[in-house]
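From first to last, the protein sequence lines are chains U and F. When you line the first sequence up against my numbering, it's residues 47 to 383, in that order. When you line the second sequence up against my numbering, it's residues 47 to 383, in that order.
In short, the hints are calculated from the structure, not lab data. Any given hint might turn out to be false.
It does not matter which identical chain is used: a pair holds within one copy or between any two.
Cross-link-like lysine-lysine pairs, in silico, DSS-like; alpha carbons within 30 Å at most [as the list claims (entries may be wrong)]:
1. K202 / K356
2. K356 / K343
3. K155 / K202
4. K120 / K155
5. K74 / K343
6. K80 / K120
7. K74 / K202
8. K80 / K202
9. K343 / K202
There are 2 protein chains.
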Amino acid sequence: MSGEVQSMEEEARDRSLVELGEDWILSKILKSLKPISEGRLQVGDDAVEIPSSGLLVVSGDMFFASTDAPPGMKPRQMGSKAIVSVVSDFAAKAAQPLYFIVELGLPGKMRGDEFLELWSGILEAGRDYGGEVVAGDTNQALEISIGVVGIGVSEKPIPRGGARPGDILAVTGMFGKTYTGLHAAFHSNLEERWRPLLDAIYNPRPRIREGLAIGRARLATASIDSSDGLEACLFELSRWSGVGFEVTDPPIDPLAREYVSAYNLDVVEAVFRGGEEYELVLTIPRESFDEAASILKGLGSRLIPIGEAKPDRSIVAWIDGKTYHLSGRGWRHFSHP
Amino acid sequence: MSGEVQSMEEEARDRSLVELGEDWILSKILKSLKPISEGRLQVGDDAVEIPSSGLLVVSGDMFFASTDAPPGMKPRQMGSKAIVSVVSDFAAKAAQPLYFIVELGLPGKMRGDEFLELWSGILEAGRDYGGEVVAGDTNQALEISIGVVGIGVSEKPIPRGGARPGDILAVTGMFGKTYTGLHAAFHSNLEERWRPLLDAIYNPRPRIREGLAIGRARLATASIDSSDGLEACLFELSRWSGVGFEVTDPPIDPLAREYVSAYNLDVVEAVFRGGEEYELVLTIPRESFDEAASILKGLGSRLIPIGEAKPDRSIVAWIDGKTYHLSGRGWRHFSHP
């Protein structure tokens with residue numbers, strides 16, 4: 047940690063944003079923004095310029111603490127998660143995010159050092175995934191609110207609507223960790239053995255390298271990221287592609303299964319109706335699957351086949367010897383508790 | 047109003063967003079998005095593509111009801127204001143907004159018809175100012191939150207830092223209406239005579255045509271929009287350009303002055319420390335002023351000279367025979383009440 051950062055954090059500690067003032071917040075934000083060398087406007091002007099040619103890929107999301115921060119989530123993790131949810135959209139479309147525009151809403155009673163942590167989480171996550179924050183501003187709001195828009199490029203974005211019957215349905219990781227991790231956080235089940243489940247909700251990571259590699263190789267026919275859960279992904283891929291799915295090998299995370307047993311939860315809910323796993327859900331022609339799997343293996347990742355696309359539009363999963371007809375209900379905002 | 051809209055509004059009336067559900071909200075949003083004809087991704091996919099070449103101008107802002115909605119503001123006006131604040135940034139930079147990315151945060155108890163009004167306000171304002179909403183999503187939040195990022199183009203954006211000593215300082219409208227309008231709204235002074243003041247806060251309009259015309263003619267050396275008030279504008283132009291300002295003819299709106307007298311308010315506060323007037327504050331070389339004024343006259347608008355840029359960096363205003371040294375304090379978030 048540099049001396050400058052230390053003294054910044056000292057002046058910020060135990061002082062609220064109302065005490066520190068908007069100018070203080072803005073000075074921290076503006077100092078951290080990446081200048082665009084080709085731009086005719088300087089950092090901090092009313093708008094920012096980005097160089098571009100051809101088609102740009104744009105995606106945004108908003109993080110609200112009341113909905114998106116599980117109990118115990120730290121400001122740095124909130125900042126990171128806000129970026130991750132947008133980068134995950136880019137990953138699903140095989141697009142590289144280059145620029146992030148970040149707008150904050152912060153409560154006046156938030157402490158200055160909490161803001162600095164939150165902002166560091168945003169900046170670091172942006173860079174981790176190959177982009178830079180080029181514009182940022184702040185507003186006063188009732189809760190921590192982080193609006194992120196990413197702008198990037200893709201040689202050939204993978205749509206939701208390209209799955210064909212016979213394609214292999216595959217995912218980039220196991221499911222169930224966020225569902226059980228949330229349960230653990232809300233019920234204060236903080237034992238060390240559940241640490242990986244809690245890590246899944248506090249420190250999610252997007253599959254950007256995997257998405258870009260699959261995109262470059264042009265092996266996937268359809269792709270989506272699992273922000274609303276696996277069932278919602280299958281429903282969307284089905285709706286956009288006009289196919290159905292048979293899930294013969296549900297990607298049940300072993301530790302999540304242990305947790306489900308220990309707390310008498312529903313494994314179907316845990317695997318299919320979690321959400322925010324930020325895994326990719328892909329369809330890949332049968333003849334290309336081995337090549338795709340070997341590309342991801344080269345990245346130290348996995349491509350896990352879980353079933354197959356079918357001509358009729360129903361979605362069926364086999365779990366523990368039982369057959370489930372999935373109806374598309376995933377995690378939704380505005381749902382009854 | 048079309049039959050479809052009527053029936054949409056009927057199903058929405060008196061039902062909360064929790065009752066209607068996220069899918070209902072999203073279907074209204076997605077149906078309204080402008081498809082990008084060149085895009086390889088369809089509307090509603092995880093990302094949107096925009097065609098581009100050269101430098102794009104990008105600017106964003108967030109609207110939070112707790113901070114940005116005066117008492118009595120309707121959902122449609124909130125949606126419109128969220129767009130206006132971003133378009134005003136484009137106006138100041140002489141840039142045309144083309145695409146808007148809109149992310150919502152909505153409270154679960156909001157009624158469906160209120161959401162529809164809010165969303166209509168967003169769509170209509172976007173089109174009014176030459177852009178289209180190309181991506182939108184919704185989240186649950188504690189208060190109405192509207193994140194808008196605009197993407198557009200400019201032949202030659204006008205920076206904040208180009209003012210030179212001797213330039214004429216000019217504005218596109220009179221000041222004081224929003225300060226007094228807010229006072230009227232908070233104190234329920236709703237008499238008909240104050241209607242234009244209330245209109246200034248409920249239905250703000252950006253000076254996009256004016257900004258684009260001035261930009262095309264390349265007559266302004268520096269430009270900013272008055273979202274944080276006139277004093278903050280002068281402070282920013284001074285800081286970025288390394289000049290000071292002498293304001294010899296403060297742009298005091300006559301009705302605002304009447305209101306100030308009627309309620310014993312401070313006219314300096316009203317004119318310099320209001321905010322969200324969304325007027326342009328420009329510096330223009332003396333020899334170009336008449337041409338610039340005549341261009342705006344051709345649009346049915348005014349370019350009002352209020353003073354001059356000076357070599358030393360102080361900011362001085364003459365009002366009613368008194369001299370005021372302005373220190374840069376404008377309207378700020380996170381300020382003590």
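Verification of the hints:
1. For a Cα distance limit of 30 Å, the shortest separation of K202 from K356 inside one copy, 25 Å, qualifies, whereas the shortest one across copies, 53 Å, does not.
2. In the homo-oligomer, the alpha carbons of K356 and K343 lie at most 30 Å apart inside one protomer (27 Å), although the nearest pairing across protomers, at 65 Å, exceeds that limit.
3. In this assembly of identical chains, K155 and K202 lie within 30 Å of each other by CA distance neither inside one copy nor across copies; the values are 45 Å within and 41 Å between.
4. Taking the shortest Cα distances, K120 and K155 sit within 30 Å of each other both inside one copy (16 Å) and across copies (28 Å).
5. Proximity of K74 and K343 under a CA criterion of 30 Å is satisfied in neither setting, with 40 Å inside one chain copy and 41 Å between copies.
6. In this assembly of identical chains, the alpha carbons of K80 and K120 lie at most 30 Å apart only when taken from the same copy (25 Å versus 38 Å across copies).
7. With identical chains, the CA atoms of K74 and K202 are at most 30 Å apart between copies only, with a shortest distance of 29 Å across copies and 37 Å within one.
8. In this assembly of identical chains, K80 and K202 lie within 30 Å of each other by CA distance both inside one copy and across copies; the values are 27 Å within and 21 Å between.
9. Taking the shortest Cα distances, K343 and K202 sit within 30 Å of each other inside one copy (22 Å), while across copies they are farther apart (48 Å).
Checked against the numbered hints given earlier, this structure breaks hints 3 and 5; the rest are met.
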